[in-house]
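**Q** Sequence:
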Amino acid sequence: MRVLLTGSAGFIGSAIGRRLEERGDEVVRVDVMLPNAHGEADPPDGTHRLDVRDAAGWTDLLRGTDAVCHQAALVGAGVTVADLPHYAAHNDLGTAALLAAMHEAGVDRLVLASSMVVYGEGRYACPEHGDQVPPPRSREALDGGDFENHCATCGRPLTWETVDEGARLDPRSTYAASKLAQEHYSAAWVRQAGAAAVALRYHNVYGPGMPRDTPYSGVAAMFRSSLERGEAPQVFEDGGQARDFVHVDDVARANLAALDAVTGAPAGHWAAYNVCSGEPVTILDVARLVATGTGEAGGATIEPEVTGGYRLGDVRHVVASPERARAELGFAAQVRPGVGLPAFATAPLRA
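In terms of the working numbering, the sequence shown opens at residue 888 and continues consecutively.
Among these hints, one or two may not hold up.
[What the hints assert, rightly or not] Cβ pair distances, simulated, as ranges:
| id | residue 1 | residue 2 | range |
| --- | --- | --- | --- |
| 1 | VAL1020 | ASP1147 | 33 to 41 Å |
| 2 | ASP1051 | HIS1016 | 18 to 26 Å |
| 3 | ASP953 | GLU1190 | 44 to 52 Å |
| 4 | ASP1018 | ARG1116 | 41 to 49 Å |
| 5 | GLY1031 | GLY944 | 46 to 54 Å |
| 6 | ALA1219 | LEU1056 | 19 to 27 Å |
| 7 | ARG910 | ARG936 | 19 to 27 Å |
| 8 | ARG906 | ARG940 | 22 to 30 Å |
| 9 | GLY1042 | ALA1075 | 20 to 28 Å |
| 10 | GLU1115 | HIS1016 | 43 to 51 Å |
In short, the hints are calculated from the structure, not lab data.
A virtual CB, placed ideally from N, CA and C, is assigned to each residue, including glycine.
All chains, full assembly: derive it from the sequences and hints.
**A** Structural data, given as structure tokens:
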């Protein structure tokens, strides 16, 4: 298979590229190399440094390609409202430009890196009043240290349940809105171009090669960077936020399964899958597991600091169901958080 891989210099793209080459696929590597993710580094050997927003110029690279694995995106929570145009340009305009260029070149198979953030809040229920769809948490409640979502009828804190791919989509941050737009563009392209696509909704990805401490990096890398400085990891809210953390090696395996599935899919096929470990953890657990790994490596184990701070774009709980990916892609994660997160404490990061 000949695969054009965007975002190939990122830590997820690098892992996917290695796995594709290990099984004998031909990989065409393309990366935008945004400074806030890569610094001013030169692209790795064999990587084309191109702007996805100008994908119309990629014709020679796309010609003869069997599928595109689209990983390039601006990620993370961002810094200010001024980041809005950057997410829209790189994630949404970039994806639209790539899809148009693929159609022009006769490439009609896509695997898209999406995210669990498209769900917004996860799935909740009240023991007495059943399923609930909570509104965004108010600033007043968060300022008062009330981080949970509550039943609209009785006021009790809601319990979380796993979210499957048919759940309501309700993005609550700039990044989340841009990822949902990518999904919508790909679904429209499938219908208009007689193509096929799979969107992989990554949960919290971590592993070797993550960028160091930046607002555009994942929380696990931010905890890791704090520990390297000898500082306590800063945990927002009360640390009880439930999430799913999935290792980058498992994400790469999911992408290979998705590429195999989409190349054999009929025209008009579009599907989304959660990519997760299936073992939920709290954010405080994540900080402690990474800190434990530092201690195992001979350093001092530092207890995380629960700050009570918050970000308005964050949701309380979102935990995925892995069942559809298991049933339809044959994908199940192999790296358990209790093993992968401590090992991440000493894994190499990108400067």
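**Q** Tell me, in ascending order, the numbers of any earlier hints that this structure violates.
**A** Hint 9 alone not satisfied by this model.
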